[in-house]
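Input sequences plus hints: build the corresponding full structure.
Protein chains in written order, with our numbering: chain A, 1 to 363; chain B, 1 to 375.
Honestly, I wouldn't trust all of these hints.
[What the hints assert, rightly or not] Okay, the calculated beta carbon distance ranges per label pair:
id	chain 1	residue 1	chain 2	residue 2	range
1	B	Glu142	A	Ala343	43 to 49 Å
2	B	Gly180	A	His214	21 to 27 Å
3	B	Gly103	A	Glu38	33 to 39 Å
4	B	Glu120	A	Asp197	48 to 54 Å
[To be verified] In silico BS3-like pairs for lysine-lysine, Cα to Cα no more than 27 Å straight-line:
id	chain 1	residue 1	chain 2	residue 2
5	A	Lys124	A	Lys342
6	B	Lys343	A	Lys9
7	A	Lys70	B	Lys275
8	B	Lys126	B	Lys78
9	B	Lys162	B	Lys267
10	A	Lys121	B	Lys182
11	B	Lys333	B	Lys343
12	B	Lys333	A	Lys9
13	A	Lys342	B	Lys267
14	B	Lys162	B	Lys298
15	B	Lys162	B	Lys78
16	A	Lys9	A	Lys89
17	A	Lys70	B	Lys166
18	B	Lys182	B	Lys208
19	A	Lys342	B	Lys78
20	A	Lys9	A	Lys342
21	B	Lys78	A	Lys89
22	B	Lys333	B	Lys166
23	B	Lys343	A	Lys124
24	B	Lys333	B	Lys267
25	B	Lys343	A	Lys70
26	B	Lys208	B	Lys223
27	B	Lys162	B	Lys208
28	A	Lys9	B	Lys275
What the hints contain is simulated information worked out from the structure, not anything from laboratory work.
Using N, Cα and C, we set each Cβ at its ideal position, and we do this for glycine too.
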Amino acid sequence: MAIVHEATKEITCKLVYHGTGMCGKTTSLMYLNGILPESQRGRFITLETPTERTLYFDFLPIITEARGYKFRYLLFTTPGQDYYEASRKLILKGADGMVIVIDSHRSRIHENLSAIQLVEKSLKEMGQNPDLLPLVFQYNKRDLSDILSLDEAERRFNARGAPSFPAIARTGQGVYETFLAAARLSFAKLADPGTEDRMGELFRTTVITAEDDHTFEGYLEGLNRDSGAFGSMLVDESSGVIARQGAIPARDFESLGALLACNFTAAQELSFNLSRTGFSGIVQRGTEWNMMASRVDQRRFIVIFLPGDPDEQRFRGVLATARRGLAASLSRIDHRSPERLKAFSMVFMGAGKLAVSSLGGTR
Amino acid sequence: MSVPSSDSNVGFMLTTAQRQQVIKSLSGCVEGMPSASAILIDRAGRVVEDASRPTGVNLPAISALAAGCYATTHELAKTVGQPEYSLLFQHEDGRQVYIWPVGVRGLLVALLGGVRFVPELEMRLKGAVGTALAEVVAAAQEPERHVPPPRIVTLEVPEEVKAKTKVLTALLLDLQQRSGGKFPPEASRFLLQARDRLARALSNSEWKEALAECESTRAWLVKNMGVAGDAQAGVVVPAVYRDLLEEIHSAVSVSVEAGRLGELYRKFYFILARKWRRMFVSESCVSTAGVDVEALWKAAAASYSNPDSLAPEFAAALDEMIRELLRVVHLAKGPGEREAVAKRLARRLHAHRDRLLALGLESQVGRSWVPVKDD
Chain A
1 MAIVHEATKE
11 ITCKLVYHGT
21 GMCGKTTSLM
31 YLNGILPESQ
41 RGRFITLETP
51 TERTLYFDFL
61 PIITEARGYK
71 FRYLLFTTPG
81 QDYYEASRKL
91 ILKGADGMVI
101 VIDSHRSRIH
111 ENLSAIQLVE
121 KSLKEMGQNP
131 DLLPLVFQYN
141 KRDLSDILSL
151 DEAERRFNAR
161 GAPSFPAIAR
171 TGQGVYETFL
181 AAARLSFAKL
191 ADPGTEDRMG
201 ELFRTTVITA
211 EDDHTFEGYL
221 EGLNRDSGAF
231 GSMLVDESSG
241 VIARQGAIPA
251 RDFESLGALL
261 ACNFTAAQEL
271 SFNLSRTGFS
281 GIVQRGTEWN
291 MMASRVDQRR
301 FIVIFLPGDP
311 DEQRFRGVLA
321 TARRGLAASL
331 SRIDHRSPER
341 LKAFSMVFMG
351 AGKLAVSSLG
361 GTR
Chain B
1 MSVPSSDSNV
11 GFMLTTAQRQ
21 QVIKSLSGCV
31 EGMPSASAIL
41 IDRAGRVVED
51 ASRPTGVNLP
61 AISALAAGCY
71 ATTHELAKTV
81 GQPEYSLLFQ
91 HEDGRQVYIW
101 PVGVRGLLVA
111 LLGGVRFVPE
121 LEMRLKGAVG
131 TALAEVVAAA
141 QEPERHVPPP
151 RIVTLEVPEE
161 VKAKTKVLTA
171 LLLDLQQRSG
181 GKFPPEASRF
191 LLQARDRLAR
201 ALSNSEWKEA
211 LAECESTRAW
221 LVKNMGVAGD
231 AQAGVVVPAV
241 YRDLLEEIHS
251 AVSVSVEAGR
261 LGELYRKFYF
271 ILARKWRRMF
281 VSESCVSTAG
291 VDVEALWKAA
301 AASYSNPDSL
311 APEFAAALDE
321 MIRELLRVVH
331 LAKGPGEREA
341 VAKRLARRLH
351 AHRDRLLALG
361 LESQVGRSWV
371 PVKDD
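In structure tokens, the structure reads:
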């Protein structure tokens, strides 16, 4: 789900790399992280695990500027192993585009097909028509012996006729091209006003005006003042920071937003799996301050940084007021966003295309 | 005897005695707490053992989610400069899910009937029960793991090959953009095969084959996809910028006093030369008459192995010069005039589109000044 900040001219898109286990998703992101200059990327996050497998997600923010607009592409990988099915589908939430990484080895045909079917099933469960989501195939491991021919790969996997790229992620061949194609397609989708109306609710773009920013700041400022919080943030589950106010103890907001979003969605899913009851929030206790996260609406939540445990009764009241106010504002914004988005169609077509081609990747 | 615990994929192996100790400790954690359960998982999210398992739950899902949640919390703590966070999830019905690290290899996931049990559980985990659990986990045997090969292999690709492949990639992406993301089937098929051969040649460091592949693909595109065949960077790029700078020069000439023009160009030259050291290498290329683009190209080309690698940098540098000159128009004549001049420039640029496409430069030229809303 893209977020467009009209006032600050910032556009955030989420691209998800999906595929079977060990097909090269993490390696693709590692390669992009390696070739892009520091000015065009944020911190590459790969969660620490005792194994080589992706535990929950890997994350790489890519940043470009063109014609006064700042474009952020938030790249995520899903975990490939079936064991992680529950967490895998959380990453797909709010994607603006997808790269399906195919392991070209003949022995992996069924795993590849199952990964494609699984992603389609997960998207449908989230109310998203898979055919509307921009998609690019990366036929990886083309340097192995006993691989599928490209004709056969296209026939078996690419029923949609989506753009496809042969790749060898180990050495980086085809990885950058795949990313560029996926980024361009996701912009082309945003530029097409007809598509937005048909997207699932969790996958629609939010357009935030200067006035909306001001409203959010007002609620967050009130929340900070009345609860004694250092700072607070409004975060979208697809990983973008929508608004922030006060002293947030971090500078890297791309990473912070992604981590908070993934943390919150996993906590919610875990709680639901364990108790089948509604989930109201997370408390994380640190040595110097606590972090609390609480749901605002179907897609967003507030994160509050507190010096310690607050007075429970008072805090609940303050939080409820902020949640109500923010939820009402967001509902209005969601209602208006498809119309507002139309005004950006030329920006996406023109500036988006240039932003993608201005990336400094070299091979 | 070493036995796998409840999940054979678990990240550490427990003996029968260790397993019994784990069950005892887990039961001890939630003993006397109504509707409470405790699960031990490894950091990769696989179940080791559980006590008072809640009925009807999907244990693999819970453990994978808990490990994901804990790992993100750990990463969050690093991001906000905290040593570590404990985790507590609150439910609308008052129930709590609590996650606690067990040594460096395990995690305890507890479902509690109410928030009042949290301090009690924390006390037990910091006391004898928690210590015993952590000791068992620390002593558990690691399964054998093979060390995988490094994921990334760095190739020393020669500059010429880099430049050619980059041009080809840009050309293909621009063609794809023009065709709305879809090529005719025969073109898709050809290009997929060609890129496959190129990827393999590059990956095997077969540079001659890679260059030949780039050439043959380009030849095919010239023949079949309407790409201009005679495009040469050394001819097209200077010609495009001569045209653009002529247009902007005429606009600047009416905005600035004639006597100040030379000074203005020199000023921009020196400012931009700090950023584009390899582009602005000859001061004599700027004068009252504007920028001598051909001379500038020749001077810059001296330090480049081939025009394909020079062209994108040259375009970016001169685009910045145009942007600065547009700013002069803006200051002298206002935003309306600036917009009008930018649109005239965009129209001139549009006329060169096909030749730039053939060089893989279509979307790389004009990126810092072309108006967002083109006519």
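Here's how the hints hold up against the structure:
Remark: the range hint 43 to 49 Å for Glu142 of chain B to Ala343 of chain A is contradicted by a beta-carbon distance near 58 Å. In this structure, Gly180 of chain B and His214 of chain A break the distance hint of 21 to 27 Å, their C-beta atoms being roughly 39 Å apart. For the pair Gly103 of chain B and Glu38 of chain A, the supplied restraint of 33 to 39 Å holds, since their beta-carbon distance comes to about 36 Å. A beta carbon spacing of about 53 Å between Glu120 of chain B and Asp197 of chain A agrees with the range 48 to 54 Å that was offered as a hint.
For the hint pairing Lys124 of chain A with Lys342 of chain A, the CA-to-CA distance comes to about 26 Å; that is within 27 Å, so the pair holds. At roughly 22 Å between alpha-carbon atoms, Lys343 of chain B and Lys9 of chain A fall within 27 Å of each other, so this suggested pair holds. Of the pairs offered as hints, the one joining Lys70 of chain A and Lys275 of chain B holds, with about 21 Å between alpha carbons and a cut-off of 27 Å not exceeded. For the hint linking Lys126 of chain B to Lys78 of chain B, the alpha-carbon distance of about 23 Å falls within 27 Å, and the restraint holds.
Our distance criterion of 27 Å between C-alpha atoms is broken by Lys162 of chain B and Lys267 of chain B, whose separation comes to about 34 Å. Distance hint between Lys121 of chain A and Lys182 of chain B is fulfilled; the C-alpha atoms sit about 25 Å from each other, no more than 27 Å. Only pairs whose Cα atoms come within 27 Å are accepted, and Lys333 of chain B paired with Lys343 of chain B is accepted, the gap being roughly 15 Å. A distance of roughly 26 Å separates the Cα atoms of Lys333 of chain B and Lys9 of chain A; the hinted pair therefore holds under the 27 Å criterion.
The hinted pair formed by Lys342 of chain A and Lys267 of chain B fails the criterion: a straight-line CA distance of about 41 Å is larger than 27 Å. At roughly 21 Å between alpha-carbon atoms, Lys162 of chain B and Lys298 of chain B fall within 27 Å of each other, so this suggested pair holds. Only pairs whose Cα atoms come within 27 Å are accepted, and Lys162 of chain B paired with Lys78 of chain B is rejected, the gap being roughly 38 Å. Distance check on the hinted pair: Lys9 of chain A and Lys89 of chain A sit about 30 Å apart at the alpha-carbon level, beyond 27 Å; violated.
With a C-alpha separation of about 24 Å, the suggested pairing of Lys70 of chain A with Lys166 of chain B holds against the 27 Å cut-off. The straight-line distance between the Cα atoms of Lys182 of chain B and Lys208 of chain B is roughly 30 Å, outside the 27 Å bound, and the hint therefore fails. For the hint linking Lys342 of chain A to Lys78 of chain B, the alpha-carbon distance of about 40 Å lies beyond 27 Å, and the restraint is violated. Simply put, Lys9 of chain A and Lys342 of chain A have alpha-carbon atoms about 15 Å apart, close enough for the 27 Å limit, and the pair holds.
At roughly 25 Å between alpha-carbon atoms, Lys78 of chain B and Lys89 of chain A fall within 27 Å of each other, so this suggested pair holds. Between Lys333 of chain B and Lys166 of chain B, the direct Cα distance comes to roughly 40 Å. Violation of the 27 Å bound is thereby established for this hinted pair. A threshold of 27 Å between alpha carbons decides the hint, and for Lys343 of chain B with Lys124 of chain A the separation of about 44 Å lies outside it, so the pair is violated. For the suggested pair Lys333 of chain B and Lys267 of chain B, the alpha carbons sit about 20 Å apart, so the restraint of at most 27 Å is met.
Annotation: proposed proximity of Lys343 of chain B to Lys70 of chain A holds, straight-line Cα distance about 22 Å (limit 27 Å). A C-alpha spacing of about 23 Å is found between Lys208 of chain B and Lys223 of chain B, which places the hinted pair at or below 27 Å, so the restraint holds. Distance hint between Lys162 of chain B and Lys208 of chain B is fulfilled; the C-alpha atoms sit about 12 Å from each other, no more than 27 Å. Our distance criterion of 27 Å between C-alpha atoms is met by Lys9 of chain A and Lys275 of chain B, whose separation comes to about 25 Å.
Checked against the numbered hints given earlier, the structure breaks hints 1, 2, 9, 13, 15, 16, 18, 19, 22, 23 and satisfies all the rest.
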